[in-house]
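Student: Read in order, the letters of the sequence shown correspond to residues 1 to 597 in UniProt numbering.
No wet-lab data here; the hints were simulated from the structure. Here the structure is a predicted model, which means the values were calculated and not measured. Watch out, some of these pointers could steer you wrong.
Mimicking SDA-like on lysine to any residue, the simulated pairs with C-alpha atoms at most 20 angstroms apart in a straight line are [as the list claims (entries may be wrong)]:
1) Lys-308 x Tyr-273
2) Lys-517 x Pro-360
3) Lys-420 x Val-515
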Amino acid sequence: MSVSRKNNSTSKLFKRLTKEILSPPPDLTVSEWADSYRRLSSESSAEPGQWRTDRAPYQREILDSMLDPELKKIVVMASSQVGKTEILLNAVGYHIDFDPSPILLLMPTEQLAKDFSKERLSPMIRDTPAIRNKVAESKTRDGGNTTLQKAFTGGYIALVGANAPSGLSSRPIRILLADEVDRFPVSAGTEGDPLSLAQKRTNNFYNSKEVIVSTPTVKNASRIEAEYNLGTQELWNLPCPSCGEYQPLRWQQIKFESASHACKHCGTLHNEYEWKDAKGMWVAQNPDANFRSFHLNELLSPWSPWKKVIDDFLEAKSKGPESLKVWVNTSLGESWEEEGEQLEEDELLKRAEGYEADVPSGVKILTAAVDVQDDRFEIEVVGWGAGKESWGIEYHQIFGDLNTMTPWNDLDAYLSRTWKDSQGKECGIAGACIDSGGHFTQEVYKFCAPRKSRRIFPIKGQGGQNQYIPLVNGYKEIKGLKVFLFHLGVDEGKAKVMSRLQQLETGPGFCHFPVGKGYNKSYFEGLTAEKLVTRYREGIPYNVWKQVRDRNEPIDLRVYNTAAIEILNPNLDEEFTPAQQPKKRRRKRTHSRGASI
Numbered sequence: 001m002s003v004s005r006k007n008n009s010t011s012k013l014f015k016r017l018t019k020e021i022l023s024p025p026p027d028l029t030v031s032e033w034a035d036s037y038r039r040l041s042s043e044s045s046a047e048p049g050q051w052r053t054d055r056a057p058y059q060r061e062i063l064d065s066m067l068d069p070e071l072k073k074i075v076v077m078a079s080s081q082v083g084k085t086e087i088l089l090n091a092v093g094y095h096i097d098f099d100p101s102p103i104l105l106l107m108p109t110e111q112l113a114k115d116f117s118k119e120r121l122s123p124m125i126r127d128t129p130a131i132r133n134k135v136a137e138s139k140t141r142d143g144g145n146t147t148l149q150k151a152f153t154g155g156y157i158a159l160v161g162a163n164a165p166s167g168l169s170s171r172p173i174r175i176l177l178a179d180e181v182d183r184f185p186v187s188a189g190t191e192g193d194p195l196s197l198a199q200k201r202t203n204n205f206y207n208s209k210e211v212i213v214s215t216p217t218v219k220n221a222s223r224i225e226a227e228y229n230l231g232t233q234e235l236w237n238l239p240c241p242s243c244g245e246y247q248p249l250r251w252q253q254i255k256f257e258s259a260s261h262a263c264k265h266c267g268t269l270h271n272e273y274e275w276k277d278a279k280g281m282w283v284a285q286n287p288d289a290n291f292r293s294f295h296l297n298e299l300l301s302p303w304s305p306w307k308k309v310i311d312d313f314l315e316a317k318s319k320g321p322e323s324l325k326v327w328v329n330t331s332l333g334e335s336w337e338e339e340g341e342q343l344e345e346d347e348l349l350k351r352a353e354g355y356e357a358d359v360p361s362g363v364k365i366l367t368a369a370v371d372v373q374d375d376r377f378e379i380e381v382v383g384w385g386a387g388k389e390s391w392g393i394e395y396h397q398i399f400g401d402l403n404t405m406t407p408w409n410d411l412d413a414y415l416s417r418t419w420k421d422s423q424g425k426e427c428g429i430a431g432a433c434i435d436s437g438g439h440f441t442q443e444v445y446k447f448c449a450p451r452k453s454r455r456i457f458p459i460k461g462q463g464g465q466n467q468y469i470p471l472v473n474g475y476k477e478i479k480g481l482k483v484f485l486f487h488l489g490v491d492e493g494k495a496k497v498m499s500r501l502q503q504l505e506t507g508p509g510f511c512h513f514p515v516g517k518g519y520n521k522s523y524f525e526g527l528t529a530e531k532l533v534t535r536y537r538e539g540i541p542y543n544v545w546k547q548v549r550d551r552n553e554p555i556d557l558r559v560y561n562t563a564a565i566e567i568l569n570p571n572l573d574e575e576f577t578p579a580q581q582p583k584k585r586r587r588k589r590t591h592s593r594g595a596s597i
């Protein structure tokens, strides 16, 4: 090759590299970048293919506000089905492509962070050509692409669980994305509020940005609602197709029969397509705030027809306050506030009723719960019907020295006994939960192990300061004993029990109590021995159950019974009687090639 040709090739290469590396990126907003480059993945979207912000136009200003140099924080309080996760993904994609920076994505738990990485982030990177080759290849020697950290030229994105304090320290961050903050623990271990810890990591950057997103939970303890109220409190307003007056879409103005929305000014009804076709705008209720906050509900979503939202509401209402609470959080994007005061023991005692039999009609399955004290077992048997309507069957105590076999044999005999329904049929216990958290942990394991086929399980409670832990939070096998220990989120369990106790009309979720059978004043004092109070840690509100009486075994036992019915998971709408308990599902074994036997 001649020297001139070689110099010419070198010059062309230099010009190309200069253009790619030194040329400024196109002047695009985040929404324009997404419209030009973002691709939706088939496994995470019902509408895979090219991203279109116009599909949900309320997202545009939220996305574009991320580049406002005067704005440090953006808060989004939202329902489900409005694309709040896609807002975060678009922010990540933009910064990988056009504005490389160190990014932290903070989620409630490390496991959720791993799931998000595998199910949402990695597919976006794979299917968006503009950023696919900018992220380090998976499993490279330098560890640039792992499940919880992905490197790219000029920056990286780290995914961290709010429950893992080690992931929040010694890490400079310019872009902080916090998802589902209402599920965060109040403290990351002993180090303090995880969101505050993450925010401190941004102090080294003059142009740092925080995007805080969540569905709200309980009033007065909702982190996202508190953040939203401190911001501009912006609502997406649409013009009435008749009079042109702008207004937000509100549930109170939805008419069920026609699935339409009434204008608050002229009263005219229009269907969702007429409302959603109009050009909307964000209107601030608190315009002088230092940061922008947005509220979104499911009525705005292009993916949730109003008829479905109405049907979901009617179904949730029919199932009782627990389901209605979830609907308010996830469809309206609003916090839940319990109605009325906590019930007193005398009010519950007055509700005691005479059953026509030991097992009244309506009961389809029996569960039992056992609280292990130093000198006795406290036991409650509960009957369950459609919609988890419940009937207290018997509250019983077995006294004795638990270091001897006598009380354990008596417990086995009690859990083996039956009760009669109005037809004279014998009804046995389908499953039971026994507390293993006291001084007799090993004894409980040894008692439950040979009774596993009778679905008698040891349980251990877990509390969490405003960290959501589901009532049945998985299980593990105790080595050497072949027994399964179930972990229970007792805060969630108590919230469910108290919500059901406050129901005043029979039906799904209502709690019945018999006259006698151990359900005396002392029992109801124990059932109401705890109340939910709001406390603050470093200014962060959280709810905690406070014991106001000495004995609280009855509420614990009702929580364990509630867990037992969730572990069994029977179809309570199915037609069967307690004497015909649902058969235990047989687990299939598989060969290595996947053939079922």
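Student: If a hint holds in the structure, say so; if it doesn't, say that too.
Tutor: The hints, checked one at a time:
1. Lys-308 x Tyr-273: holds, 14 angstroms
2. Lys-517 x Pro-360: holds, 13 angstroms
3. Lys-420 x Val-515: holds, 17 angstroms
Checked against the numbered hints above, the structure violates none of them.
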